[in-house]
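Can you build the whole structure from these sequences, using the hints too?
Residues 122 to 245, numbered by our numbering, are exactly what the sequence shown covers, in order.
Because the hints were derived from the structure by calculation, they are not lab data.
Here the structure is a predicted model, which is why all the values come from computation and not from measurement.
Just so you know, even glycine gets a beta-carbon here, dropped at the ideal spot from N, CA and C.
There's no promise every hint is true.
If you anchor each label on the Cβ, the simulated ranges turn out as follows [claimed, not checked]: (1) Ser185 <-> Gly128: 34 to 42 Å; (2) Arg138 <-> Phe184: 40 to 48 Å; (3) Leu132 <-> Gly169: 15 to 23 Å.
Listed below are the simulated PhoX-like cross-link pairs for lysine-lysine, each with C-alpha atoms no more than 25 Å apart in a straight line [to be verified]: (4) Lys171 <-> Lys140; (5) Lys171 <-> Lys127; (6) Lys140 <-> Lys170; (7) Lys170 <-> Lys127; (8) Lys170 <-> Lys137; (9) Lys170 <-> Lys134.
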Amino acid sequence: MTMAVKGVVELFKLVKREKVLYQEILAFLVSHDHRTVRIYGYYPVLDGKKTTFYCHPIQSHHFSDQSSHDAAFLLREADSQSSRVGSRDVTPDTSLSQRIDGKAFKKPKKKARPVELHQSQDAG
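Listed below in structure tokens is the structure:
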């Protein structure tokens with residue numbers, strides 16, 4: 122995953138737009154096993170010519186949670202949801218560049234641990 126984020130950073134560096142990517146989540150990873158599913162966001166931190174890549178845990182769900190298997194709970198949840206979709210619930214039909222320019226991606230709220238020790242050094 123870090124390789125994909127590194128590729129995006131390199132592309133933005135080629136067009137001198139790398140500052141747009143500072144702490145923006147560029148890739149998501151969904152990891153799972155027979156008990157849990159976890160979602161992570163990958164983002165770069167650019168400091169001059171040095172780029173460090175971080176992984177931020179976004180969500181984790183354990184399949185053994187009893188509330189997710191309780192039929193009465195699921196019915197209550199379904200009844201509490203509106204049957205009409207509001208405009209804020211519809212995914213906009215925009216390209217990646219429009220979302221980046223429009224600041225649609227959110228910055229992580231707290232510092233995450235570094236994923237790997239790979240760092241990119243530009244020569245020149």
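Here is what the structure says about each hint:
1. Ser185 <-> Gly128: 34 to 42 Å: Between Ser185 and Gly128, where Cβ atoms are some 37 Å apart, the hint holds.
2. Arg138 <-> Phe184: 40 to 48 Å: With Cβ atoms ~41 Å apart, the hint holds.
3. Leu132 <-> Gly169: 15 to 23 Å: holds, 19 Å
4. Lys171 <-> Lys140: Holds. Lys171 to Lys140 sits at ~13 Å (cutoff 25 Å).
5. Lys171 <-> Lys127: Holds: Lys171 and Lys127 sit about 12 Å apart, inside 25 Å.
6. Lys140 <-> Lys170: holds, 11 Å
7. Lys170 <-> Lys127: Holds, because 13 Å separates the two Cα atoms, which is no more than 25 Å.
8. Lys170 <-> Lys137: With Cα atoms ~12 Å apart, Lys170 and Lys137 stay inside 25 Å; holds.
9. Lys170 <-> Lys134: holds, 10 Å
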